[in-house]
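Note that the protein sequences, when read in sequence, are chains A and B. The working numbering puts the first residue of the first sequence at 2, with every later residue one more than the last. The working numbering puts the first residue of the second sequence at 2, with every later residue one more than the last.
All clues stand as given, with none of them false.
When chains are identical, the list treats them as one kind, so a pair holds in a single copy or across two.
Subject to a maximum C-alpha distance of 25 Å in a straight line, what follows is the list of computed SDA-like cross-link-like pairs (lysine to any residue):
{"id": "1", "residue 1": "LYS130", "residue 2": "TYR83"}
{"id": "2", "residue 1": "LYS130", "residue 2": "SER111"}
{"id": "3", "residue 1": "LYS121", "residue 2": "GLN3"}
{"id": "4", "residue 1": "LYS133", "residue 2": "THR106"}
{"id": "5", "residue 1": "LYS121", "residue 2": "GLU107"}
{"id": "6", "residue 1": "LYS130", "residue 2": "MET2"}
{"id": "7", "residue 1": "LYS130", "residue 2": "GLN3"}
{"id": "8", "residue 1": "LYS126", "residue 2": "ALA112"}
{"id": "9", "residue 1": "LYS133", "residue 2": "ALA86"}
{"id": "10", "residue 1": "LYS130", "residue 2": "GLU66"}
{"id": "11", "residue 1": "LYS126", "residue 2": "GLN114"}
{"id": "12", "residue 1": "LYS126", "residue 2": "MET2"}
{"id": "13", "residue 1": "LYS130", "residue 2": "GLU115"}
{"id": "14", "residue 1": "LYS121", "residue 2": "ALA41"}
{"id": "15", "residue 1": "LYS133", "residue 2": "GLU9"}
{"id": "16", "residue 1": "LYS130", "residue 2": "ASP143"}
The hints are simulated quantities; they were obtained by calculation from the structure and are not laboratory data.
Residues per chain, in single letters:
2 protein chains.
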Amino acid sequence: MQLSATQERFVRRWGEMGTRWGIPRSTAMLHGLLYICDRALTPEEICDTLGLARSNVSTSLRELEDYRLVYRQSVPGDRRSYFTAETDVWEMARHILEERRRRETEGAVSAVQECLASAKREGDKLLTKRMKALQELLGAADTVAAAAQNYPTSVFKRAAQMGSRMLALLAKL
Amino acid sequence: MQLSATQERFVRRWGEMGTRWGIPRSTAMLHGLLYICDRALTPEEICDTLGLARSNVSTSLRELEDYRLVYRQSVPGDRRSYFTAETDVWEMARHILEERRRRETEGAVSAVQECLASAKREGDKLLTKRMKALQELLGAADTVAAAAQNYPTSVFKRAAQMGSRMLALLAKL
DNA sequence: GACAAATTTCTGAAATTTCAGAAAATAGGG
DNA sequence: CCCTATTTTCTGAAATTTCAGAAATTTGTC
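Sequences and hints are given; from them, build the entire structure.
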């Protein structure tokens, strides 16, 4: 698959962005490519287009599937897998939020939990206080993120779009 | 400064968490240490306590100052700098959000902007559509994050704590 | 169940990031 | 204005991460 100059540029830029978000460049490029494609691609085509090793594409695709940013499709009578990206950006955002919550906050919550227990046991007042505060924050973040998962995309979208107005409203309460 | 076993454990765990968040382990440890301290520390003390190189502490402190997670204080008649951490977790969260917005979304917004312009110029319908969608998402995220900066901590805190309820409300509209 | 196509896992090399030590710069006190 | 205490910047070594190529595994077909 031959990319136009602009498509090429987007894919490259997107890959660059990925690195800032803690996503390997090649994984992000692969995602960018699928995102701007209107048909499903085979891993083979992806390799050729982006100049990545087959193994790398395989690993990246699995990672992106975990994030639910790309979907695998199988065509009857064709042994190859075909991949497409999630193109609804709000759905994308939800999935990223969900996965990041799993990976980034869950560990922190349990770490703080443990330390809080120890601090109490040892009677360390200050540490107890600090751990409680952290727990409050992490808990709230986790709750919001979790809640976002339980509503349809339309609600999530509306919430994000109205976010600033909601804050304005809250400021008056 | 001698740490108790639990304090030590927290600092270590917090450092570990940092790496998942894209923050160097030593920087996160340093932040963790200051967060659980009730008095200001000198860089020297921090080195001794955590076993880090002086240079490393210097760099990490500057980074944490950029995030506004630690503050520098100077004591008259003492040439050394003293450092304390932000201990209000909601303020902490706001500062992190702000800095992450600056570092992570600003670049993406301008990248998409550029690509959108090129796509339009070239008449690439699909790419234009995709770039517009991304722009919508990034714009919304940016707006929410920006709005959070403009309200007092109390509002931010309330918003986070009520987040799930707000979503429930929105779902009915 | 043997064969071929496709995919995944393993391994190490290349690139990047983190961090300690040395050298340079800065600031205060005499 | 020099001297000393403190901090910052520079440099390269160590650790980590990313990724290509080879080997192993899986999947489907005959």
